[in-house]
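Colleague: In case you want the letters, here they are:
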Amino acid sequence: MDAPIRTYKHMIPLEEQAPERLVRRSKLISLDEAGSIIASKTSVSLAGSHSADAAMALIRAAIRAGAKNMTMIPPVTTSIAADLPIAAGMLKKLYLSYVGFEYLGLAPAFRKAAAEGTLDIVEADEPFIILGTQAAAGGRPFAPVQYLYEGLSIPELNPELKKVVDPFSGREVYAIPPLKSEVFIMHAQVADEYGNAQSWGGTGQERDKAKAADLVIIQADEIVGPEVITKDPTKTTIPGLWVDHVVHVPYGAHPTFSSNNYAVDEAHLKLYLQMMRDGAGDEYIATYVKEPEDHMDYLDRVGGLRQMSKLRRMLTNT
Amino acid sequence: MDAPIRTYKHMIPLEEQAPERLVRRSKLISLDEAGSIIASKTSVSLAGSHSADAAMALIRAAIRAGAKNMTMIPPVTTSIAADLPIAAGMLKKLYLSYVGFEYLGLAPAFRKAAAEGTLDIVEADEPFIILGTQAAAGGRPFAPVQYLYEGLSIPELNPELKKVVDPFSGREVYAIPPLKSEVFIMHAQVADEYGNAQSWGGTGQERDKAKAADLVIIQADEIVGPEVITKDPTKTTIPGLWVDHVVHVPYGAHPTFSSNNYAVDEAHLKLYLQMMRDGAGDEYIATYVKEPEDHMDYLDRVGGLRQMSKLRRMLTNT
Amino acid sequence: MAEIATPGHDRYSTAEFIAILIARYCGGDRELWGSGGANQLVSLAASRLAQLTVAPNLWLFSGGAGVYNSKFDTLPIGTWDPRAGHGAECKILLSDIVDNGTKGRYEGDRIGRGGSGYGGLQIDKYGNVNMIGIGGPYPKLKVRGPGTVGVLWLGSGPNNLYLEHHNKRTLVEKVDYRSGNGWMDGGDSRARTLDGRDGPQFVWTPICVCDFTEDQHRMRLVSVHPGHTVEEVVANTGFELVIPDNVPTTTPPTEFELHVLRTQVDRGGLLKKRRMTVG
Amino acid sequence: MAEIATPGHDRYSTAEFIAILIARYCGGDRELWGSGGANQLVSLAASRLAQLTVAPNLWLFSGGAGVYNSKFDTLPIGTWDPRAGHGAECKILLSDIVDNGTKGRYEGDRIGRGGSGYGGLQIDKYGNVNMIGIGGPYPKLKVRGPGTVGVLWLGSGPNNLYLEHHNKRTLVEKVDYRSGNGWMDGGDSRARTLDGRDGPQFVWTPICVCDFTEDQHRMRLVSVHPGHTVEEVVANTGFELVIPDNVPTTTPPTEFELHVLRTQVDRGGLLKKRRMTVG
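Protein chains in written order, with the numbering used here: chain A, 396 to 713; chain B, 396 to 713; chain C, 440 to 718; chain D, 440 to 718.
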């Protein structure tokens with residue numbers, strides 16, 4: 396056979412193609428690398444639920460890396476995972492469903508930015524975010540809904556919500572636009588270095604958000620070997636082939652819950668709220684986001700191993 | 396307080412409302428009852444994958460109960476679960492994605508009905524069934540898709556596929572109609588009497604099909620106690636509150652696989668195909684569907700415990 | 440605005456009382472969908488209490504964790520608290536909840552609705568709810584709300600409203616913005632717009648219980664809690680409530696009810712600490 | 440129509456050979472999406488073989504069971520065979536696959552496409568596929584096909600075609616019905632219609648390998664399997680194949696390749712028994 400033909404791989408026996416060592420590529424990168432990648436994007440989506448399972452380490456890394464003027468597609472309910480980025484000037488635009496601290500109070504940075512008009516708020520809600528994400532996950536043009544927005548204020552306040560005529564009934568219904576993001580970041584309890592991840596809590600928002608994103612970065616409390624993952628494939632909530640990068644950050648969801656791993660640090664959330672309300676937001680960001688040399692330094696600043704062990708105990712104890 | 400007010404339940408203390416014994420209602424019914432319920436409907440949807448996890452016991456019960464002229468929304472790929480109902484005259488209309496026996500050959504009853512024009516075939520496919528079911532699961536008016544049906548024959552052959560103008564791009568895209576069913580029937584490996592079910596295999600079609608149906612009936616190889624279900628809530632693929640009735644039928648998926656429980660009975664599938672091709676379809680239906688006194692009698696006719704144990708072994712052995 | 444301090448409050452908190460009222464409301468044999476929303480601790484406690492006493496077929500949902508029928512005896516701090524998942528029977532996806540909501544039926548109407556409660560910045564006489572904000576013109580809001588989340592599911596069918604603060608700022612003639620459809624503009628406006636879906640049934644507040652009139656669907660006083668008066672209710676409501684001739688006192692919590700609540704549902708005493716106000 | 444019996448077939452079966460060809464094609468460091476469709480046993484075996492030898496980052500998908508990276512050494516009877524799940528790393532939903540397909544990208548183009556293969560009742564010179572039926576007018580078909588399933592995913596991006604029977608009834612000038620878009624009507628017709636998505640790359644048949652010309656995207660002969668000739672290929676193809684001056688013989692399977700295939704992928708010898716025909 397002559398040379399050009401050899402360029403057809405099916406003509407080359409496997410043993411001739413076989414590499415010296417057959418090595419599966421690891422997707423592990425450093426927290427700082429992840430932060431720079433996120434900061435280089437214009438839109439980010441998040442998972443988690445309220446003050447649980449937020450990708451806080453990645454968010455702090457992105458702020459440290461100088462993330463600015465980004466659009467955020469948050470989980471349908473969230474607290475510090477949206478409020479801190481707003482305080483740090485990371486966000487220009489937010490799809491709003493719920494941002495608040497519930498029994499601890501309202502979200503200070505969010506309310507300040509809203510009052511000062513420094514944040515572009517898209518008046519959204521649970522179905523807008525979930526169905527919009529679902530449409531983007533499948534590259535579908537929009538998500539039609541009926542008997543939902545009729546009579547509500549959102550159609551007047553949210554210009555991204557349009558109308559379309561249902562070709563089957565002839566009735567006018569509403570159309571939610573696809574919500575894609577350039578990067579999706581999430582917290583998982585365990586992941587392997589190939590991207591297979593187990594999120595033990597949450598509400599499954601992460602699956603469609605991963606499919607709706609150009610790039611997926613996972614932070615995991617623990618990196619485990621393949622034998623842990625293959626023990627039960629149904630436990631893998633995010634298949635590795637959906638994932639670009641994995642970052643190892645023990646207690647990376649702090650100060651929020653990591654489902655079945657450690658509890659929310661309520662005292663730290665109260666400290667955050669107090670400092671934000673007292674106009675000491677920059678000091679908080681300096682102390683807990685910008686100055687820490689690395690994630691372990693951050694953990695030391697919030698109480699170190701003693702505090703982390705207490706948070707683990709709080710969860711497993713009930 | 397005067398009497399009428401007492402009709403407000405919030406005025407009546409719990410101890411006065413409390414029943415003698417606080418009993419949670421069981422959803423268990425007999426296979427014959429289930430068959431009659433299915434036979435009383437006009438449309439049925441199925442889950443499973445090819446010759447795996449088909450709700451065969453319920454299908455045989457429905458035929459026995461005289462099910463006729465029904466519309467079937469099958470799993471995207473299936474074999475005897477669609478071919479047998481066609482042979483028995485249970486179906487008037489079929490949403491077609493794939494009906495065949497793969498390496499064992501084509502589907503005899505399906506091909507015969509197609510040739511004789513006795514079956515109304517809707518030319519569908521994987522996305523038509525999955526996205527149509529998804530729309531029905533949410534009571535949404537339709538599912539828009541683009542860059543999918545352009546250039547294909549299905550838009551010409553399937554009048555249920557329409558066009559709609561995407562209000563965001565102004566482009567014309569296709570609209571898949573919602574595919575609801577009056578009853579959804581499925582096979583599960585285990586279920587509790589309250590309807591919480593674990594399907595160990597399959598491709599997750601059962602979740603949206605359950606939500607898209609007015610009534611849900613589950614057949615389970617085993618009925619387990621709550622302690623098995625609560626051991627790991629993430630194993631419950633169908634939440635009990637989606638379910639109306641549960642039927643206990645060991646080896647109920649025979650002659651198809653029950654994932655991780657027992658193997659397909661290839662010899663029986665070959666017998667089925669042979670009899671159908673030899674014009675002995677009525678004899679097959681008499682012997683294996685209509686004459687058996689109950690499910691156990693059916694199992695005896697197909698080899699009884701000896702054969703079932705072999706099928707279990709075949710699966711766990713590999 | 441005053442912390443509620445009234446006769447009986449040495450014996451129970453208003454939050455405990457409302458939880459017990461909602462639990463009573465859930466009584467019966469029917470399959471019910473209980474609780475839901477993320478921060479509805481009172482409703483969550485009520486559903487668990489009902490399940491343990493009078494509603495064996497109630498499905499207790501912890502929305503934030505996405506699980507059904509948790510077996511907790513210590514109330515979690517939110518339905519998103521992973522501890523809300525203790526002993527659960529199944530876990531669903533948020534998209535399943537969205538499917539229920541857009542379908543306007545909970546599991547195909549197999550299931551009634553029990554202790555699901557919605558609150559808001561503002562609620563008007565037809566039970567419409569506002570979580571967006573107060574004042575305007577939008578987006579220049581005097582008070583920026585936290586967002587609508589799932590309050591629009593009020594439109595999906597017959598739910599209930601729940602208020603932790605009973606005052607004229609919250610109970611207004613007309614909401615500034617509408618995040619959730621109550622009976623809309625009254626009469627048959629809701630039935631015409633939302634495919635005949637039923638509207639809100641009851642309103643639980645720190646000082647009274649209300650429902651809605653049969654035809655106009657205007658909010659109507661049903662009973663006033665012990666230690667409070669019709670006059671107090673009227674004085675703290677920003678619109679004209681329908682007041683029947685006979686307004687009884689809400690049946691107070693019994694020892695049995697408080698005992699079960701405190702020993703099998705809220706061992707941590709979260710509801711004791713819950714802050715509710717009037718005025 | 441003759442069972443293939445040619446020199447070398449005492450040493451290997453055509454199915455084994457095609458599996459090895461597809462495995463070679465998958466060689467490289469890139470993340471690949473391998474196999475997929477329900478009854479693509481040859482493609483499944485090829486993907487597993489490639490993963491074990493030359494494609495460490497290939498994601499082996501068993502479509503019917505919905506699992507990735509099974510560790511089987513005995514080929515299951517179908518990708519829906521629960522045994523295909525042995526040692527898998529994750530399980531996905533069919534709706535995830537539909538999302539990939541409608542998005543027209545496999546995991547956002549992170550992932551290339553390896554041993555995914557589509558066959559059909561008919562395939563034409565532009566690689567369009569028909570699974571609906573032969574003859575007409577519809578629905579009066581001479582041959583009723585089993586249905587389209589996921590053949591339309593051919594339109595989602597650059598895939599490959601795979602044929603178990605090479606004859607004029609299957610390889611036709613123009614398909615009677617189009618279930619899957621190949622290069623459509625050739626030229627830039629596909630790019631214009633499907634948002635620039637790339638079309639089929641290679642065609643694996645029992646007697647040869649084809650690809651498509653760069654401009655017109657017409658099917659072109661690349662290599663002919665040992666024991667077969669260009670003339671035989673032409674005689675059994677229902678349209679005019681593009682024939683280059685130099686058509687080499689497909690490199691036959693090596694002992695190493697057959698050894699790994701038979702000891703680590705297909706211990707049950709399913710591919711040995713697989714029936715393939717020419718003419």
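None of these hints come from the bench; they were simulated from the model.
You may find that some hints are simply not true.
What the hints assert, rightly or not - Only pairs whose alpha carbons sit at most 30 Å apart, straight line, appear in this in silico DSBU-like list of lysine-lysine:
1. K557(B) with K712(D)
2. K487(A) with K685(A)
3. K510(C) with K630(B)
4. K507(A) with K510(C)
5. K557(B) with K557(A)
6. K581(C) with K607(C)
7. K607(C) with K626(B)
Being a predicted model, the structure only gives us computed values, none of them experimental.
Colleague: If a hint holds in the structure, say so; if it does not, say that too.
Modeller: Hints and how they fare:
With a C-alpha separation of about 45 Å, the suggested pairing of K557(B) with K712(D) is violated against the 30 Å cut-off. Taking the CA atoms of K487(A) and K685(A), the gap is near 20 Å; set against the 30 Å cutoff, the hint holds. A C-alpha spacing of about 17 Å is found between K510(C) and K630(B), which places the hinted pair at or below 30 Å, so the restraint holds. Our distance criterion of 30 Å between C-alpha atoms is broken by K507(A) and K510(C), whose separation comes to about 40 Å.
Note on K557(B) and K557(A): the hinted pairing holds, with a Cα-Cα distance of about 20 Å set against a maximum of 30 Å. Taken as a hint, the K581(C) and K607(C) pair is honoured in the structure, with Cα atoms around 16 Å apart against an allowance of 30 Å. Distance restraint check for K607(C) and K626(B): the Cα-Cα separation of roughly 48 Å exceeds the 30 Å cut-off, and the hinted pair is therefore not satisfied.
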